[in-house]
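Visitor: Residues per chain, in single letters:
There are 2 protein chains.
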Amino acid sequence: MAKSEQRRATADVQRLDIHNSDIPVVCRACEARHRGVCGALSPDELKTLSRTTVKHKMPADAEMIASDEPIETYSNIMAGVVKLTKLMPDGRQQIVGLQFAPDFLGRPFRASSTISAEAATDVAVCSFPKTVLEEMVKRSPELGHKLHEQSLKELDEARDWMLTLGRKTAAEKVASFLHLIATHIDPEIDPSDGAIRFELPLKRADIADFLGLTIETVSRQLTKLRKAGIIEIESNRLVTVPSLRRLESACAVDSD
Amino acid sequence: MAKSEQRRATADVQRLDIHNSDIPVVCRACEARHRGVCGALSPDELKTLSRTTVKHKMPADAEMIASDEPIETYSNIMAGVVKLTKLMPDGRQQIVGLQFAPDFLGRPFRASSTISAEAATDVAVCSFPKTVLEEMVKRSPELGHKLHEQSLKELDEARDWMLTLGRKTAAEKVASFLHLIATHIDPEIDPSDGAIRFELPLKRADIADFLGLTIETVSRQLTKLRKAGIIEIESNRLVTVPSLRRLESACAVDSD
DNA sequence: CGGCGCTTTGACCGTAATCAAGACTAGTGG
DNA sequence: CCACTAGTCTTGATTACGGTCAAAGCGCCG
Chain X
1 MAKSEQRRAT ADVQRLDIHN SDIPVVCRAC EARHRGVCGA LSPDELKTLS RTTVKHKMPA
61 DAEMIASDEP IETYSNIMAG VVKLTKLMPD GRQQIVGLQF APDFLGRPFR ASSTISAEAA
121 TDVAVCSFPK TVLEEMVKRS PELGHKLHEQ SLKELDEARD WMLTLGRKTA AEKVASFLHL
181 IATHIDPEID PSDGAIRFEL PLKRADIADF LGLTIETVSR QLTKLRKAGI IEIESNRLVT
241 VPSLRRLESA CAVDSD
Chain Y
257 MAKSEQRRAT ADVQRLDIHN SDIPVVCRAC EARHRGVCGA LSPDELKTLS RTTVKHKMPA
317 DAEMIASDEP IETYSNIMAG VVKLTKLMPD GRQQIVGLQF APDFLGRPFR ASSTISAEAA
377 TDVAVCSFPK TVLEEMVKRS PELGHKLHEQ SLKELDEARD WMLTLGRKTA AEKVASFLHL
437 IATHIDPEID PSDGAIRFEL PLKRADIADF LGLTIETVSR QLTKLRKAGI IEIESNRLVT
497 VPSLRRLESA CAVDSD
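Protein chains in written order, with this note's numbering: chain X, 1 to 256; chain Y, 257 to 512.
Read the hints as simulated data drawn from the structure, not as lab findings. Check before you lean on any hint, since a few could be wrong.
Coverage of chain Y stretches by chain X, computed from C-beta distances (three or more under 8 Å per stretch; other residues unrestricted) [said to hold, decoys possible]:
{"#": "1", "region": "336-345"}
{"#": "2", "region": "399-405"}
Cut-off 27 Å, straight-line C-alpha distance, at most; resulting in silico cross-link-like pairs (DSSO-like, lysine-lysine) [what the hints assert, rightly or not]:
{"#": "3", "chain 1": "Y", "residue 1": "K386", "chain 2": "Y", "residue 2": "K409"}
{"#": "4", "chain 1": "X", "residue 1": "K203", "chain 2": "X", "residue 2": "K227"}
{"#": "5", "chain 1": "Y", "residue 1": "K409", "chain 2": "X", "residue 2": "K153"}
{"#": "6", "chain 1": "Y", "residue 1": "K386", "chain 2": "Y", "residue 2": "K311"}
{"#": "7", "chain 1": "Y", "residue 1": "K480", "chain 2": "Y", "residue 2": "K394"}
{"#": "8", "chain 1": "X", "residue 1": "K146", "chain 2": "Y", "residue 2": "K311"}
{"#": "9", "chain 1": "X", "residue 1": "K153", "chain 2": "Y", "residue 2": "K459"}
{"#": "10", "chain 1": "X", "residue 1": "K138", "chain 2": "Y", "residue 2": "K386"}
{"#": "11", "chain 1": "X", "residue 1": "K146", "chain 2": "Y", "residue 2": "K409"}
{"#": "12", "chain 1": "X", "residue 1": "K55", "chain 2": "X", "residue 2": "K153"}
{"#": "13", "chain 1": "Y", "residue 1": "K409", "chain 2": "X", "residue 2": "K130"}
{"#": "14", "chain 1": "X", "residue 1": "K130", "chain 2": "Y", "residue 2": "K402"}
{"#": "15", "chain 1": "X", "residue 1": "K153", "chain 2": "X", "residue 2": "K138"}
{"#": "16", "chain 1": "Y", "residue 1": "K313", "chain 2": "Y", "residue 2": "K386"}
{"#": "17", "chain 1": "X", "residue 1": "K153", "chain 2": "Y", "residue 2": "K394"}
{"#": "18", "chain 1": "Y", "residue 1": "K483", "chain 2": "Y", "residue 2": "K409"}
{"#": "19", "chain 1": "X", "residue 1": "K146", "chain 2": "Y", "residue 2": "K386"}
{"#": "20", "chain 1": "X", "residue 1": "K203", "chain 2": "X", "residue 2": "K153"}
{"#": "21", "chain 1": "X", "residue 1": "K138", "chain 2": "Y", "residue 2": "K394"}
{"#": "22", "chain 1": "X", "residue 1": "K130", "chain 2": "X", "residue 2": "K153"}
{"#": "23", "chain 1": "X", "residue 1": "K47", "chain 2": "Y", "residue 2": "K394"}
These numbers come from a predicted model, not from an experiment. Cβ atoms here follow ideal geometry from the backbone N, Cα and C, with glycine treated the same way.
Using the sequences provided together with the hints, build the complete structure.
Guide: The structure is reproduced here in structure tokens:
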């Protein structure tokens with residue numbers, strides 16, 4: 001256990017730039033600087049922003065953004081998975097998006113959001129005041145563009161999922177969910193057709209809320225996929241996909 | 257008939273600005289200048305853009321953007337309704353968005369889209385080359401911001417609809433669809449609780465593809481809503497909603 | 001051990017899909 | 001003008017997929 005943690009720390013160090021003395025310390029090992037919105041910022045801008053950032057850790061199920069409440073901060077997700085949910089007055093719930101590190105979290109240009117955000121797993125975030133980011137956007141078109149790209153990515157993903165919700169069978173939905181997790185949980189994964197082993201970031205109830213199903217149906221379809229040899233289930237949360245290709249064919253889509 | 261058309265023309269004229277001699281002629285009566293992306297442009301910029309614009313009319317069912325094909329132009333929708341669809345290899349289809357005038361149509365910053373766009377009704381558009389708009393975005397942060405706002409609006413709508421697709425019953429889905437059309441088809445509508453009469457821009461098969469249902473179920477739920485007195489059906493396409501409030505309660509949401 | 005949260009499995013039921021027929025509308029041509 | 005056709009929509013009978021209700025298994029922690 002301690003050994004594997006040490007190994008990960010070493011990998012982080014290797015990701016540091018050769019010459020980065022002008023990068024703020026708190027930003028040096030941050031993935032958001034490479035693939036997130038902070039990639040648009042100059043060392044100087046990073047320094048300005050980093051003076052106002054606060055890093056938080058929150059446990060699974062913590063509420064991060066409440067629906068219809070004013071938002072004061074934006075965040076970058078450093079680790080963990082965040083679920084975006086919508087709730088009906090009678091309690092029915094739908095997860096409308098999952099966000100992984102190093103995604104940007106928040107609804108730009110609006111005082112409050114119509115969705116709420118909740119930690120699906122333990123989550124680490126880097127937060128900063130809304131006003132500071134909005135000031136920086138005014139001065140850096142590059143940053144505005146990055147934020148726009150993030151919005152467009154979320155829009156594409158939302159529409160992909162609308163097809164899943166509206167037109168796929170329960171079996172295809174569960175396969176699509178596993179495929180989504182398998183290809184998003186580990187940013188370093190390559191799409192070659194080896195076995196993939198990962199931990200599900202959602203419990204059954206969340207999976208059901210994401211797929212528009214009940215927990216019983218999710219459970220039944222998982223055992224069906226297991227019996228069909230498409231997945232192996234080590235424990236409730238630990239899943240192995242021997243062949244991504246076979247899983248994809250269970251999703252009933254070519255381009256996904 | 258001729259009378260009502262004349263009345264509408266008069267309304268358009270009144271919408272013109274008092275001093276607009278420097279606004280290009282083709283843009284003067286255009287709604288996109290008031291509520292669409294062109295609202296971000298100065299008279300000079302409008303002039304530049306209008307030199308490259310082409311206005312088109314296309315009949316219902318015309319394909320406007322093919323999935324996975326390179327896109328050369330963006331468009332503003334001047335009139336009519338456009339449906340954005342996704343298709344599965346086996347023919348199952350899902351409409352993932354509807355766009356009304358004066359919405360912007362196109363996927364910024366990407367060579368091709370994963371969805372296709374089709375005219376739901378007869379449609380009029382104002383198109384311009386991708387490259388021209390992208391050049392203008394570089395010089396006008398205001399325009400980039402408008403485009404971002406449009407993307408965010410589509411994202412909010414997509415997520416609203418995910419809740420409908422994943423968690424609502426057939427009856428609630430059809431009611432939600434009628435509510436969406438009633439509140440979007442006529443930009444000049446006010447939400448006061450009078451009777452609203454409108455023409456459905458989609459045929460039953462399209463409504464089914466939008467709601468993740470079959471045409472038979474859509475038809476049955478429409479007659480059920482009619483028998484419940486929530487709607488009146490004059491003809492296949494012509495619907496009256498006596499009380500928007502009653503329709504909303506049939507959608508099972510408070511905030512929509 | 002006992003209690004609690006999560007998951008699985010089984011039996012039964014209900015909603016929406018499927019299959020099938022018929023009504024209505026609009027367009028075409030005799 | 002009407003017959004004919006094709007497309008669209010409605011209605012009915014039956015089926016099946018996924019939901020509901022219920023019970024039991026499992027892992028975890030006090």
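Visitor: All hints, please: hold or fail.
Guide: Consistency of the hints with the structure:
1. 336-345: This one holds; 4 residues, not fewer than the three required, reach chain X with a Cβ under 8 Å.
2. 399-405: holds (count 5)
3. Y/K386 to Y/K409: 21 Å, holds
4. X/K203 to X/K227: 20 Å, holds
5. Y/K409 to X/K153: Given pair Y/K409, X/K153 holds - Cα atoms ~14 Å apart, limit 27 Å.
6. Y/K386 to Y/K311: 15 Å, holds
7. Y/K480 to Y/K394: Cα-Cα ~52 Å, so violated.
8. X/K146 to Y/K311: 32 Å, violated
9. X/K153 to Y/K459: Measuring from Cα to Cα gives roughly 30 Å; hence the hint is violated.
10. X/K138 to Y/K386: The given pair, whose Cα atoms are some 24 Å apart, holds under the 27 Å limit.
11. X/K146 to Y/K409: Roughly 17 Å between the alpha carbons, so the hint for X/K146 and Y/K409 holds.
12. X/K55 to X/K153: With Cα atoms ~25 Å apart, X/K55 and X/K153 stay inside 27 Å; holds.
13. Y/K409 to X/K130: Holds, at about 19 Å.
14. X/K130 to Y/K402: Within the cut-off at roughly 19 Å; holds.
15. X/K153 to X/K138: Measuring from Cα to Cα gives roughly 22 Å; hence the hint holds.
16. Y/K313 to Y/K386: Within the cut-off at roughly 19 Å; holds.
17. X/K153 to Y/K394: 20 Å, holds
18. Y/K483 to Y/K409: At roughly 35 Å apart (the allowed maximum being 27 Å), Y/K409 and Y/K483 break the hint.
19. X/K146 to Y/K386: The hint holds at about 19 Å.
20. X/K203 to X/K153: 25 Å, holds
21. X/K138 to Y/K394: OK: X/K138 and Y/K394 at ~13 Å, within 27 Å.
22. X/K130 to X/K153: 21 Å, holds
23. X/K47 to Y/K394: Answer holds: X/K47 to Y/K394 is near 25 Å, not above 27 Å.
The structure shown violates the earlier hints numbered 7, 8, 9, 18.
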